[in-house]
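Protein chains in written order, with UniProt numbering: chain F, 1 to 309; chain U, 1 to 525.
What follows is a set of in silico ranges between Cβ atoms, one per label pair, in the way DEER data are often shown:
1) 362/U to 301/F: 13 to 23 Å
2) 333/U to 295/F: 33 to 43 Å
3) 214/U to 301/F: 40 to 50 Å
4) 394/U to 97/F: 38 to 48 Å
5) 331/U to 102/F: 50 to 60 Å
6) 141/U to 86/F: 30 to 40 Å
7) 159/F to 345/U: 45 to 55 Å
8) 305/F to 211/U: 34 to 44 Å
9) 61/U to 284/F: 50 to 60 Å
10) 211/U to 86/F: 46 to 56 Å
11) 75/F to 363/U: 32 to 42 Å
If you want a taste of the chain F side facing chain U, the calculated C-beta under 8 Å gives, among others:
12) 163
13) 167
14) 170
15) 175
16) 180
17) 184
Partner residues aside, some chain F positions facing chain U, computed with beta carbon under 8 Å:
18) 162
19) 164
20) 168
21) 171
22) 174
23) 177
24) 178
25) 181
26) 182
27) 183
These aren't lab readings, by the way, just hints derived from the structure by calculation.
Just so it is clear, CB atoms sit at the ideal spot from N, CA and C, and this is done for glycine as well.
So the chains spell out like this:
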Amino acid sequence: MLEVLHALLFSTLDAAPALVFAALGAVLSERAGVVSVGVEGMMRVGAFCAAVAALVMPTPLAILMGMLAGAALAAIHGFLTIRWRSDQVVSGIALNLVALAGGTFLLESLYGPNGTPPIQQLSRWDVPGLSSVPVLGALSGHSAATYLALALPFAFQFLLARTPLGLRLRAVGDKPHAVATLGLSVAGLRWGAVLGGGLLAGLGGAVLSTAVLDRFEQHTPAGLGFMALAAMVFGRWTPVGAFLAALFFAFGNALRIGLVSSAPGLLELIPQGMLLALPYVLTLTLLTLQGQRSSAPAALGTPYEQESR
Amino acid sequence: MSLADASLDIRDGELLAVVGENGAGKTSLMNVLYGLYQPDGGQLSLGGKPARFKSPRDAIARGIGMVHQHFMLVPTLTVAENVVLGREPTRRGLFDLERAVSEVAATCARFGFQLEPRARVDTLSVGSQQKVEIVKALHRGAQVLVLDEPTAVLTPQESDELAHVMRGLVAQGRTVVLISHKLREVLGVADRIAVMRRGRVVAEVRPAETTVEKLAALMVGEGHPALGMAASGRAREPSSGMGLETNTPPPGDMLAARPASRPSVDPTANTAGELLLEARGLQALADSGRPALRGVDLTVRAGEIVGIAGVDGNGQRELAEVLTGLRPLTSGEGTLLGGPLAGLTPARARERGVGHVPEDRLLRAVVKALTVEENVALGRHTRPPFARGTWIDFPGRRERTRDLLAAYDVRPPDPTAFLRSLSGGNQQKVVVARELDARPKLLVVVQPTRGLDIGAVAQVHAKLREAREQGAGVLLVSLDLEEVLKLSDRVYVFFEGRVTGHFTRPQYDERELGRRMLGAGTDHA
Numbered sequence: 001m002l003e004v005l006h007a008l009l010f011s012t013l014d015a016a017p018a019l020v021f022a023a024l025g026a027v028l029s030e031r032a033g034v035v036s037v038g039v040e041g042m043m044r045v046g047a048f049c050a051a052v053a054a055l056v057m058p059t060p061l062a063i064l065m066g067m068l069a070g071a072a073l074a075a076i077h078g079f080l081t082i083r084w085r086s087d088q089v090v091s092g093i094a095l096n097l098v099a100l101a102g103g104t105f106l107l108e109s110l111y112g113p114n115g116t117p118p119i120q121q122l123s124r125w126d127v128p129g130l131s132s133v134p135v136l137g138a139l140s141g142h143s144a145a146t147y148l149a150l151a152l153p154f155a156f157q158f159l160l161a162r163t164p165l166g167l168r169l170r171a172v173g174d175k176p177h178a179v180a181t182l183g184l185s186v187a188g189l190r191w192g193a194v195l196g197g198g199l200l201a202g203l204g205g206a207v208l209s210t211a212v213l214d215r216f217e218q219h220t221p222a223g224l225g226f227m228a229l230a231a232m233v234f235g236r237w238t239p240v241g242a243f244l245a246a247l248f249f250a251f252g253n254a255l256r257i258g259l260v261s262s263a264p265g266l267l268e269l270i271p272q273g274m275l276l277a278l279p280y281v282l283t284l285t286l287l288t289l290q291g292q293r294s295s296a297p298a299a300l301g302t303p304y305e306q307e308s309r
Numbered sequence: 001m002s003l004a005d006a007s008l009d010i011r012d013g014e015l016l017a018v019v020g021e022n023g024a025g026k027t028s029l030m031n032v033l034y035g036l037y038q039p040d041g042g043q044l045s046l047g048g049k050p051a052r053f054k055s056p057r058d059a060i061a062r063g064i065g066m067v068h069q070h071f072m073l074v075p076t077l078t079v080a081e082n083v084v085l086g087r088e089p090t091r092r093g094l095f096d097l098e099r100a101v102s103e104v105a106a107t108c109a110r111f112g113f114q115l116e117p118r119a120r121v122d123t124l125s126v127g128s129q130q131k132v133e134i135v136k137a138l139h140r141g142a143q144v145l146v147l148d149e150p151t152a153v154l155t156p157q158e159s160d161e162l163a164h165v166m167r168g169l170v171a172q173g174r175t176v177v178l179i180s181h182k183l184r185e186v187l188g189v190a191d192r193i194a195v196m197r198r199g200r201v202v203a204e205v206r207p208a209e210t211t212v213e214k215l216a217a218l219m220v221g222e223g224h225p226a227l228g229m230a231a232s233g234r235a236r237e238p239s240s241g242m243g244l245e246t247n248t249p250p251p252g253d254m255l256a257a258r259p260a261s262r263p264s265v266d267p268t269a270n271t272a273g274e275l276l277l278e279a280r281g282l283q284a285l286a287d288s289g290r291p292a293l294r295g296v297d298l299t300v301r302a303g304e305i306v307g308i309a310g311v312d313g314n315g316q317r318e319l320a321e322v323l324t325g326l327r328p329l330t331s332g333e334g335t336l337l338g339g340p341l342a343g344l345t346p347a348r349a350r351e352r353g354v355g356h357v358p359e360d361r362l363l364r365a366v367v368k369a370l371t372v373e374e375n376v377a378l379g380r381h382t383r384p385p386f387a388r389g390t391w392i393d394f395p396g397r398r399e400r401t402r403d404l405l406a407a408y409d410v411r412p413p414d415p416t417a418f419l420r421s422l423s424g425g426n427q428q429k430v431v432v433a434r435e436l437d438a439r440p441k442l443l444v445v446v447q448p449t450r451g452l453d454i455g456a457v458a459q460v461h462a463k464l465r466e467a468r469e470q471g472a473g474v475l476l477v478s479l480d481l482e483e484v485l486k487l488s489d490r491v492y493v494f495f496e497g498r499v500t501g502h503f504t505r506p507q508y509d510e511r512e513l514g515r516r517m518l519g520a521g522t523d524h525a
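With these hints in hand, go ahead and build the complete structure from the sequences.
What follows is the structure, given as structure tokens:
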């Protein structure tokens with residue numbers, strides 16, 4: 001029993017970082033009032049660029065490339081929605097489609113349909129003395145991404161709650177006009193949040209292809225970006241809430257893999273497709289249960305126009 | 001173009017009022033002063049030196065503060081956080097909440113404001129939120145404070161208090177600019193009055209040298225067609241304020257400028273007819289899921305106008321939605337035009353004869369992208385004269401629309417004009433025309449004249465009275481207490497989803513009503 005728990009916990013922590021980073025990126029952007037449907041696309045771009053970059057440079061540097069790629073896609077989102085005040089949802093969906101098609105095109109024309117060549121995975125760290133402890137030992141042996149994913153949500157929460165910048169971010173998502181009348185720049189704050197969100201989503205994608213897998217695959221990130229959005233909503237737009245929700249989703253995924261590998265007979269009862277759908281069904285169920293108790297930032301999705309109140 | 005060559009001097013240490021109709025450019029002028037808008041031409045000088053404000057930051061730095069008509073507060077933050085936002089005190093790079101609280105408390109104490117710095121803004125009353133706005137400006141060292149329509153949503157008591165606050169600031173050497181269209185208030189409190197019309201400052205007068213009538217004439221312009229309307233409308237509103245002669249407010253009071261009044265509506269005209277609406281213990285939830293109505297009893301009879309007075313957000317809006325079938329009841333019962341109130345849908349309400357002039361016409365009454373005649377047909381588009389059988393009756397629809405546009409003085413009187421090309425006042429007249437043309441037995445009217453100019457206000461009021469005289473019952477919800485008192489035969493006062501007062505026409509006492517609006521008293525006949 002303990003071994004099963006250990007295995008589940010280990011694979012949860014191994015797979016969670018991508019989801020956690022993407023969810024944090026979405027929280028950052030949306031707290032400032034900019035809808036972040038494009039997270040899936042930013043993850044894909046980040047994953048692709050990191051996988052390609054890792055072929056020619058050390059993996060940590062490649063991850064940085066992935067982050068920058070995510071931010072570059074986010075910059076298009078910012079340009080469309082902040083500068084030109086276009087619809088934030090439409091812009092995000094367009095980015096997802098561009099990333100989906102562009103990724104497939106570049107992958108197939110450069111490397112073929114089976115993914116990029118394998119790369120050096122991000123190295124794993126053993127926490128001395130911990131690996132032999134039952135259950136808790138699952139905390140040892142992960143890549144740096146996992147440890148970062150465990151710390152970053154709390155740092156982000158602290159930033160929102162306790163720094164002037166955090167106060168301004170919360171304000172600009174709830175009432176941008178109030179921020180503007182105090183002489184602060186609504187566009188500046190939103191640009192910062194959107195680009196930061198892009199960096200985080202790109203990091204999530206990069207981690208997928210350098211720590212969870214060892215290449216960029218045709219379908220990466222396979223809907224993880226949308227699950228990150230669900231985690232954000234389920235976590236009520238707070239960093240720690242989104243983190244916990246992301247962990248929960250990752251656990252659901254680990255449970256599925258665990259079930260299949262430990263009880264192969266299960267596949268004869270339940271088709272593989274149903275099991276694959278499990279995390280997404282879980283997401284839908286949770287969002288339904290949560291219902292209208294939403295706590296989205298008040299000005300979310302509303303372009304800021306100075307001469308309208 | 002909202003400003004056309006407007007010139008205005010503001011003098012140190014005075015209380016200057018800027019009056020004008022909606023759209024005259026008052027707010028635009030002040031937004032230029034505050035750096036929110038950039039002027040296309042002309043210049044600004046401060047203390048004799050030319051100034052150019054690229055953003056509010058520049059204006060704030062030069063000692064200008066603004067209290068906007070729609071509050072610029074972040075509802076989820078505390079008073080202290082709202083006040084210091086943008087110039088937060090820090091300790092080692094972190095936001096220092098304790099220092100923010102003590103700084104804000106000090107500013108409040110210095111200017112005599114009673115505010116709890118740690119309270120979340122969305123838990124405060126409208127009057128207190130306005131104080132937060134004023135403190136916010138003073139905290140930034142504002143020497144010149146601009147208040148844009150500050151009393152639009154306040155109770156009479158809160159308006160009085162604000163007048164004292166403004167005089168107090170002037171006494172401390174600050175300059176206050178008050179933007180308003182409430183002429184009597186302005187006469188009672190200002191040192192000097194600037195009148196704006198069509199983007200220009202057309203006159204500057206002293207209160208002692210003018211009257212409400214003269215100001216109104218300046219606002220709309222001599223010989224303006226609306227002036228005839230104005231004579232029977234808002235400009236002479238004091239003459240129709242009820243029962244105010246029993247009150248003699250203290251000098252310096254914003255309400256003190258009200259002259260003695262005589263009733264313009266015959267009080268005996270209320271020959272209470274058949275019971276149209278009888279409701280007991282109505283309860284309903286607001287959009288937020290919190291209770292909005294907590295047990296409301298009320299009646300409306302044929303041939304009377306029943307007003308609902310109250311500060312914004314005390315359940316009035318939800319009541320109107322319940323009566324028009326837009327919001328479900330959670331408890332309570334009642335009879336509406338011969339049917340049960342429970343399970344009412346908008347379609348059933350219309351079938352029984354409920355008309356509705358909603359608060360937000362563009363959201364709930366008309367479609368901007370359709371023509372006037374199409375909007376007039378909405379809701380009745382399957383019946384003559386708008387349809388014949390399955391098909392639209394184009395000539396019938398046009399003829400009926402033409403008649404209505406003429407009767408309600410809608411400009412332009414063009415049935416094929418797109419609704420969005422009409423001014424707000426004319427759009428509202430189209431809504432009123434459509435609803436009254438259906439001959440409703442009960443008309444539910446919410447904020448019917450908000451944002452309309454003097455002429456349109458007078459016309460809408462006249463039509464509501466006409467409906468009453470023709471035997472309809474009218475339920476009037478308005479945040480403008482003057483409007484409620486002027487039109488209504490009876491008034492219910494709402495506070496936190498309950499009726500805290502019920503007055504019939506001869507008993508109107510604005511001060512008592514104001515106390516009830518703030519929650520004093522439970523039930524009172």
